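2 protein chains.
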Amino acid sequence: MQRLRRRTPQEFDCVLSSMCTVPHPAAHDEAVRFLSSNPGDPATYQTIAKLEDEAVELLGEITDLDEPYGYITSGGTEANIQAVHAARNLAETDSPNLVAPESGHFSLTKAAEMLGVELRTVPVDDDYRADLEALEAAVDSDTVVVVGVAGTTEYGRVDPIAAMTDIAHDAGARMHVDASWGGFILPFTEYEWSFADAPIDSMAIDPHKFGQAPVPAGGLLARDRATVDALAVDTPYLETTSQATLTGTRSGAGVAGALAAMESLWSAGYRQQYRDQQANAEYLASELQARGIETVEPTLPLVAAELAPGTFESLREVDWRISRTASGELRVVCMPHVTREGLESFVSDLDRIRS
Amino acid sequence: MQRLRRRTPQEFDCVLSSMCTVPHPAAHDEAVRFLSSNPGDPATYQTIAKLEDEAVELLGEITDLDEPYGYITSGGTEANIQAVHAARNLAETDSPNLVAPESGHFSLTKAAEMLGVELRTVPVDDDYRADLEALEAAVDSDTVVVVGVAGTTEYGRVDPIAAMTDIAHDAGARMHVDASWGGFILPFTEYEWSFADAPIDSMAIDPHKFGQAPVPAGGLLARDRATVDALAVDTPYLETTSQATLTGTRSGAGVAGALAAMESLWSAGYRQQYRDQQANAEYLASELQARGIETVEPTLPLVAAELAPGTFESLREVDWRISRTASGELRVVCMPHVTREGLESFVSDLDRIRS
Chain P
1 MQRLRRRTPQ EFDCVLSSMC TVPHPAAHDE AVRFLSSNPG DPATYQTIAK
51 LEDEAVELLG EITDLDEPYG YITSGGTEAN IQAVHAARNL AETDSPNLVA
101 PESGHFSLTK AAEMLGVELR TVPVDDDYRA DLEALEAAVD SDTVVVVGVA
151 GTTEYGRVDP IAAMTDIAHD AGARMHVDAS WGGFILPFTE YEWSFADAPI
201 DSMAIDPHKF GQAPVPAGGL LARDRATVDA LAVDTPYLET TSQATLTGTR
251 SGAGVAGALA AMESLWSAGY RQQYRDQQAN AEYLASELQA RGIETVEPTL
301 PLVAAELAPG TFESLREVDW RISRTASGEL RVVCMPHVTR EGLESFVSDL
351 DRIRS
Chain X
1 MQRLRRRTPQ EFDCVLSSMC TVPHPAAHDE AVRFLSSNPG DPATYQTIAK
51 LEDEAVELLG EITDLDEPYG YITSGGTEAN IQAVHAARNL AETDSPNLVA
101 PESGHFSLTK AAEMLGVELR TVPVDDDYRA DLEALEAAVD SDTVVVVGVA
151 GTTEYGRVDP IAAMTDIAHD AGARMHVDAS WGGFILPFTE YEWSFADAPI
201 DSMAIDPHKF GQAPVPAGGL LARDRATVDA LAVDTPYLET TSQATLTGTR
251 SGAGVAGALA AMESLWSAGY RQQYRDQQAN AEYLASELQA RGIETVEPTL
301 PLVAAELAPG TFESLREVDW RISRTASGEL RVVCMPHVTR EGLESFVSDL
351 DRIRS
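Protein sequences, first through last, are from chains P and X.
Following my numbering, the numbering of the first sequence begins with 1 at its first residue and continues without gaps.
Following my numbering, the numbering of the second sequence begins with 1 at its first residue and continues without gaps.
Chain P on its own, in the form it takes in the complex (with noise of 0.2 Å):
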């Protein structure tokens, strides 16, 4: 495998550790066109704005919601702190907190932190989705917001979202879900997670992910207006009166590019990606299985598994880009540059390492 020179970029064929991936041909292009283009300022940039209006448009549909509210964020990062920043808004206590697994995204240890909200995680169950008993002791008169991850980082697990919702709005909380990484591959699953499931009021859903849209481009969707107008500063100087987004000037790529993928693959260039990758990390867990290695059953594309000591270390040596679950576990998420050839040279690796 080639070494990584100055100023060569990312090779993706060794990459296993990224949520990111290779952006849709069509959204590449967009994305060029469109990089001097600043969606923050709409009066000066006029087409860019409409374009991030269709997008936004489009995460509607793919989430169905009939008239979302929201932008297109640098990530998922930002829809979460966004979403728990106007959960705090909106809210009348003086000491706010957010309810979350312990396997929510550590963007919300971010948003916490930032914006004086405590974070109170619970434990996940043995299938590493929210524990629903624990939330319910968890939640009290002081939670502005509970948080649900349909997609979680380290196992791909959804959690039990309709379930959770019913407990954030029986405690006068607000219900956001972190479909960051599952959003534009749970459309083609069974698993409640949409804006049609549950009455959740926000949603982060990023096209920079599954959706394959150059970074920056996540998404954050409500419900209601009053979740926007939570967020807005006025803006002198712009010829618009005011701005939701956490940052200023925004990436006239990540919006175009965006739109572009969403319209190559929505629905069925993201029904057969779901299907590829899903296969793959099938693949990769019964092969790893064979092997004797403890394995977390893939329900996404996401395999983790237990390996010896040093192995981990060893692959990487070998210019194997993979990470780590918490707990230390190899860590591989199937996006849509992985190759069965990939995966077939990857445990191959694993076997010369092992033997």
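Hints may contain errors.
From chain P, some residues computed to sit far from chain X (all C-beta separations above 10 Å) [what the hints assert, rightly or not]:
1) Glu57
2) Leu58
3) Asp126
4) Asp131
5) Gly172
6) Arg271
7) Gln278
8) Glu282
9) Ala290
10) Glu294
11) Glu297
Facing chain X, from chain P, some residues (calculated, C-beta under 10 Å) [what the hints assert, rightly or not]:
12) Asn38
13) Thr73
14) Ser74
15) Asn89
16) His105
17) Thr247
I should point out that these hints are in silico values taken from the structure, not numbers from a laboratory.
This structure is a prediction, so every number in the text was calculated from the model and none was measured.
We put the CB at the ideal spot given by N, CA and C, even for glycine.
Given chain P, work out where chain X should sit, using these hints.
Here is chain X on its own, set in the frame of chain P:
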């Protein structure tokens, strides 16, 4: 002038309102090559992580800081938010405040609202620079940071940074300089604004403005490591231990583009650009003054002028992208894409409208 069509990227020849610009060709090319790299995951995307280190080093050179700590942000808004964030986290008060001139960018409003920091704005003097007496009266023992602007958004003014730093430090507060717009032209002026000019603690400086990088590419710089450490959260499942950025996934295009632009233009290219645009601003100001239009002297390449009611709207109707100051004056920013011919055409449209 051509009307905007769907999917046609912005024509920059009519843009006089933006602080963004057309990227340098080398920056454009590098951005395209690194469109799918994520500097937010440096253990996976090692090349772009190395380029980011080099970009921060170069920003240090431009701002006279030998050992810069910081990172490439999504823009000036993120850099300002994180500077206030670090100041809040490093201070010991329960009721933190931030003091800035009323000429400060609206990202300070975002930062304050989000971070639970009181924003105290002080008036500016007759030349639109922070009033030092008012500043001295506004700071107290709960002040965590004073923000000075080196190149204000509305009039391109540089605050008295050294004197403000004294006031900040005497009060036990940090000093942050917002040079988001001015940072790449101030090295060629007599202004005091850099890390060498005063013992400032942190700075925002945006490659995607006068640096001629593609969006999104801002910069947060700090004199000490404590600033960055104060922002870091743990990052499980990335093979790096912590992350000080506001966002998670970040734009490889912005980072690679910023480095390529700086390597191409620092320092001779930026010096020429400053001279050309300062001359353009002086040309426009003198043309406006010659027509009896009250015009603020352009001490940096930014012109503000008082137009008769309706004139501004008429100029926008013939597709000029212009914006207004908070008090309603026309505001023209002479960025690298602005040409003398373009300004002549603008003046001639103005004459036609006024006749």
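Evaluation of the provided hints:
no.: 1; hint: Glu57; verdict: holds (14 Å)
no.: 2; hint: Leu58; verdict: holds (15 Å)
no.: 3; hint: Asp126; verdict: holds (20 Å)
no.: 4; hint: Asp131; verdict: holds (19 Å)
no.: 5; hint: Gly172; verdict: holds (22 Å)
no.: 6; hint: Arg271; verdict: holds (22 Å)
no.: 7; hint: Gln278; verdict: holds (20 Å)
no.: 8; hint: Glu282; verdict: holds (21 Å)
no.: 9; hint: Ala290; verdict: holds (25 Å)
no.: 10; hint: Glu294; verdict: holds (18 Å)
no.: 11; hint: Glu297; verdict: holds (18 Å)
no.: 12; hint: Asn38; verdict: holds (5 Å)
no.: 13; hint: Thr73; verdict: holds (8 Å)
no.: 14; hint: Ser74; verdict: holds (5 Å)
no.: 15; hint: Asn89; verdict: holds (8 Å)
no.: 16; hint: His105; verdict: holds (8 Å)
no.: 17; hint: Thr247; verdict: holds (5 Å)
The structure is consistent with each of the numbered hints, conforming to all of them.
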